[in-house]
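Colleague: With chain A's structure known, arrange chain B on it following the hints.
2 protein chains.
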Amino acid sequence: MKARVTIMLKDGVLDPQGEAIRHALGGLGHQGVAGVRQGKLIELDLESTDPETAKVEVARMCEGLLANTVIEKYSVEIV
Amino acid sequence: MKARVTIMLKDGVLDPQGEAIRHALGGLGHQGVAGVRQGKLIELDLESTDPETAKVEVARMCEGLLANTVIEKYSVEIV
Chain A
1 MKARVTIMLK DGVLDPQGEA IRHALGGLGH QGVAGVRQGK LIELDLESTD PETAKVEVAR
61 MCEGLLANTV IEKYSVEIV
Chain B
1 MKARVTIMLK DGVLDPQGEA IRHALGGLGH QGVAGVRQGK LIELDLESTD PETAKVEVAR
61 MCEGLLANTV IEKYSVEIV
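Sequence lines, in order, name chains A and B.
Heads up: the first sequence is residues 1 to 79, going by UniProt numbering.
Heads up: the second sequence is residues 1 to 79, going by UniProt numbering.
Please keep in mind that the hints were generated in silico from the structure rather than gathered at the bench.
Careful, some of the hints might be misleading.
It does not matter which identical chain is meant; a pair holds if it fits inside one copy or across any two.
Said to hold, decoys possible - Dumping the calculated DMTMM-like pairs for lysine to aspartate or glutamate here, alpha-carbon to alpha-carbon at most 20 Å:
| hint | residue 1 | residue 2 |
| --- | --- | --- |
| 1 | Lys73 | Glu47 |
| 2 | Lys2 | Glu19 |
| 3 | Lys10 | Asp45 |
| 4 | Lys10 | Glu63 |
| 5 | Lys40 | Glu19 |
| 6 | Lys2 | Glu57 |
| 7 | Lys2 | Asp15 |
| 8 | Lys40 | Asp15 |
| 9 | Lys2 | Asp50 |
In isolation and in its complexed conformation, chain A is listed as follows (with noise of 0.2 Å):
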């Protein structure tokens, strides 16, 4: 089973690498960008069988060492 993790910014954080992604697509001449943030996505394979106990489990991975819970949010997704 695989789960797919996605981890942002909380909104309000300051995005400076979303930022420099937006000045310098605007300096290759794509213009109409009005703001850029950055994340990380995680692809988890996962041995469990049981999509539930399975988020539960990526949740508390996640809490422990994928994100930063302080600045980051996270979405979980089992696929």
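Modeller: Leaving out everything else, chain B in the frame of chain A:
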């Protein structure tokens, strides 16, 4: 209009960052993780109002700046 770009390493390309995450999860007691792949997620805030035009434009951004198409694959989703 928002566009969500997902960038992952192509299958077969070694992902040391994902492997490091897998190793760290094991060390924290999370067994049952067979593999981890890490990628990037970029959310673009676009001024364009036509989804089709936006998708083509974002694909051009990926080819030109956001993704390294030699080793990375990307997908664009208009949300």
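Colleague: Let me make sure I understand: some of the numbered hints might not hold for this structure. Which ones are they, in numerical order?
Modeller: 1
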